[in-house]
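> Protein chains in written order, with our numbering: chain A, 1 to 212; chain F, 1 to 113.
Keep in mind the hints are simulated off the structure, nothing from the lab.
The model shown is predicted, which means the values in this text are computed figures rather than measured ones.
Where is the CB? At the ideal position from N, CA and C, for every residue including glycine.
Hints are supplied without guarantee of correctness; some may be wrong.
To be verified - DMTMM-like, lysine to aspartate or glutamate: derived pairs with alpha carbons at most 25 angstroms apart:
no., chain 1, residue 1, chain 2, residue 2
1, F, K61, A, E27
2, A, K9, F, E41
3, A, K96, A, D109
4, A, K144, F, D52
5, F, K57, A, E27
6, F, K57, A, E25
7, F, K61, A, E25
8, A, K144, F, E55
9, F, K57, F, D5
10, F, K84, F, E9
11, A, K88, A, D121
12, F, K84, A, E25
13, A, K9, A, E35
14, A, K9, F, E70
15, F, K61, A, E35
16, F, K61, F, D23
17, A, K9, F, D66
18, F, K84, F, E55
19, F, K84, F, D23
20, F, K61, F, E9
21, F, K57, F, E97
22, A, K9, A, E27
23, A, K144, A, E25
24, F, K84, F, D52
Unchecked claim - These stretches of chain A come out as covered by chain F in the derived footprint (C-beta under 8 angstroms, 3 or more residues):
no., region
25, 26-33
26, 50-59
27, 64-74
Stated by the list, open to error - Some, not all, of what chain A presents toward chain F, calculated at C-beta under 10 angstroms:
no., residue
28, I18
29, F21
30, E36
31, S38
32, E39
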Amino acid sequence: MTVHDDRAKPPCIAAWLIVLFASAEDESLLGDLLEEFSELASTSGAAVARRWYWRQALQSTPHLFVNGFRSAPWSTTAVVVAGYLLIKVLFPLPEKALFAVLHRYRVFDRHFNVYVFFATDGAAMAHVLTSMLLGCFVGLTASKREMIAATTLVLVLLGMTGAASVAWVTRGNSSMLWSMLPWNLADWLAMLAGAAIIRSHRLAASTATLGR
Amino acid sequence: MSSRDYLGEFEHLIVLAVLRLADQAYGVTVRQEIQNRTRREVSIGAVYATLDRLEAKGYVKSCLGDPTPERGGRSKRFFAVTTKGVTAVNRTQRALESMNEGLELAGAIDDCA
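Isolated chain A (complex conformation) (with noise of 0.2 angstroms):
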C-alpha cells in the first residue's frame, strides 16, 4: 500500500548534495525540486518521492558543476592553480615533521612497531588531514563556488594519476598502483569533505543572518 504523505521532507544527504554545489542563481531549481517532491509525495507516496530526489540529486550534480565552472571560469582556475601549488609546499612537511620527531625522541630503538606504524599509516594519514586542510584552504579562496573548485582540482590530480598509473602499469610497476591508489582517493576525499565543512558553515552563517 502507498503511503502518502503530505509533510515529507527530501533525503537530507541529497537535498545537501545538492546545496552544496548550487549557486545564488541556481534557487529557482532548489525550489522547483521541492515542488515537484512535493507533489510527488502527495500523488505516489514519500518512498516514490524520496528515491526520484536522489535520482534527480545524483545526474543534477554534474550540470551545476559546470555550469557554476562557465560562470566564473577565471577565478575558479586562479584559485584551483593555487591549490595546486600549495600542494607541492604543503604535503611533504607532515611527513618531514613525523620523522623529525620520531627521530629525535628515538622512537626507533624503543618501540619498533610504533615507529612502523607512524612511517608508513601515520604519515599517509598527515596526508590526509593535509588535505582537509587544503580543501579548506580552497573552499576559503574560491568565494561561493567552494566545492566547484575543489571538484576541479580533484579532477585535475585524478587526470594527473590516471597519466602516472598508465605510466607505471606500462612500465610494468603495477604494484606501484595499487599501492598508492586508497591513499589517493583518500586524499581527494579529504579534500572534498575540508570544502564541504566551509560551503556547509557558510551556508549557515548566511541562513542565520537572514533569520534575524
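Chain A is fixed; fit chain F onto it per the hints.
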C-alpha cells in the same frame, strides 16, 4: 550562417517545450512537458543548464516570479522564447525536414538487418 545558428537536439526540445507552455514555462513544467511527450527521464539540472545556455545565446529570456512557501520560499523562474529563438527553431526544423526528405527510414532499417 554558422553552426551556432542551429539548435542541438536537447536545446530544440527545450525551446519547443517553452513555446508550448507559453506563460507557464518554468523548470518543473518544462521538465514534465519533455518527459511526458518524449518518455525519457530528464534531470532538472540538465534543463537549467540548457536554458542558461539558450539565454546566453539570446534564444530565451527569463524573469523571476514571487517566492512561495511550498517551494521553501524560493521564486519560480519563468522562461519565454525570443524572436531570435523562434528563428533558430524554424531554421533547425527546416534543416531536419530537408535531411528527412525522400528518406524511407523503416525500409532502411530492414535492409540493414
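> Now, for every hint given, state plainly whether the structure supports it.
Status of the hints after comparison with the structure:
1. F:K61 <-> A:E27: holds, 17 angstroms
2. A:K9 <-> F:E41: Satisfied, since the Cα-Cα distance of roughly 22 angstroms is no more than 25 angstroms.
3. A:K96 <-> A:D109: holds, 19 angstroms
4. A:K144 <-> F:D52: Status holds; Cα separation ~19 angstroms.
5. F:K57 <-> A:E27: holds, 22 angstroms
6. F:K57 <-> A:E25: holds, 17 angstroms
7. F:K61 <-> A:E25: holds, 14 angstroms
8. A:K144 <-> F:E55: Holds, at roughly 22 angstroms.
9. F:K57 <-> F:D5: Roughly 10 angstroms between the alpha carbons, so the hint for K57 (chain F) and D5 (chain F) holds.
10. F:K84 <-> F:E9: OK: K84 (chain F) and E9 (chain F) at ~17 angstroms, within 25 angstroms.
11. A:K88 <-> A:D121: With Cα atoms ~20 angstroms apart, K88 (chain A) and D121 (chain A) stay inside 25 angstroms; holds.
12. F:K84 <-> A:E25: holds, 24 angstroms
13. A:K9 <-> A:E35: At roughly 11 angstroms apart (the allowed maximum being 25 angstroms), E35 (chain A) and K9 (chain A) satisfy the hint.
14. A:K9 <-> F:E70: holds, 12 angstroms
15. F:K61 <-> A:E35: Answer holds: K61 (chain F) to E35 (chain A) is near 22 angstroms, not above 25 angstroms.
16. F:K61 <-> F:D23: Given pair K61 (chain F), D23 (chain F) holds - Cα atoms ~12 angstroms apart, limit 25 angstroms.
17. A:K9 <-> F:D66: Holds, at roughly 22 angstroms.
18. F:K84 <-> F:E55: holds, 11 angstroms
19. F:K84 <-> F:D23: It holds: about 18 angstroms lies between the C-alpha atoms, which stays within 25 angstroms.
20. F:K61 <-> F:E9: holds, 19 angstroms
21. F:K57 <-> F:E97: holds, 24 angstroms
22. A:K9 <-> A:E27: Judged against 25 angstroms, a Cα distance of about 18 angstroms means the pair holds.
23. A:K144 <-> A:E25: Given that 25 angstroms is the threshold and the Cα spacing comes to 11 angstroms, the pair holds.
24. F:K84 <-> F:D52: holds, 15 angstroms
25. 26-33: holds (count 8)
26. 50-59: holds (count 3)
27. 64-74: With 3 residues in contact (Cβ-Cβ under 8 angstroms with chain F), the coverage given for the region 64-74 of chain A holds.
28. I18: holds, 9 angstroms
29. F21: holds, 9 angstroms
30. E36: holds, 5 angstroms
31. S38: holds, 6 angstroms
32. E39: It holds, given that the least Cβ distance between E39 (chain A) and chain F is near 8 angstroms, below 10 angstroms.
Checked against the numbered hints above, the structure violates none of them.
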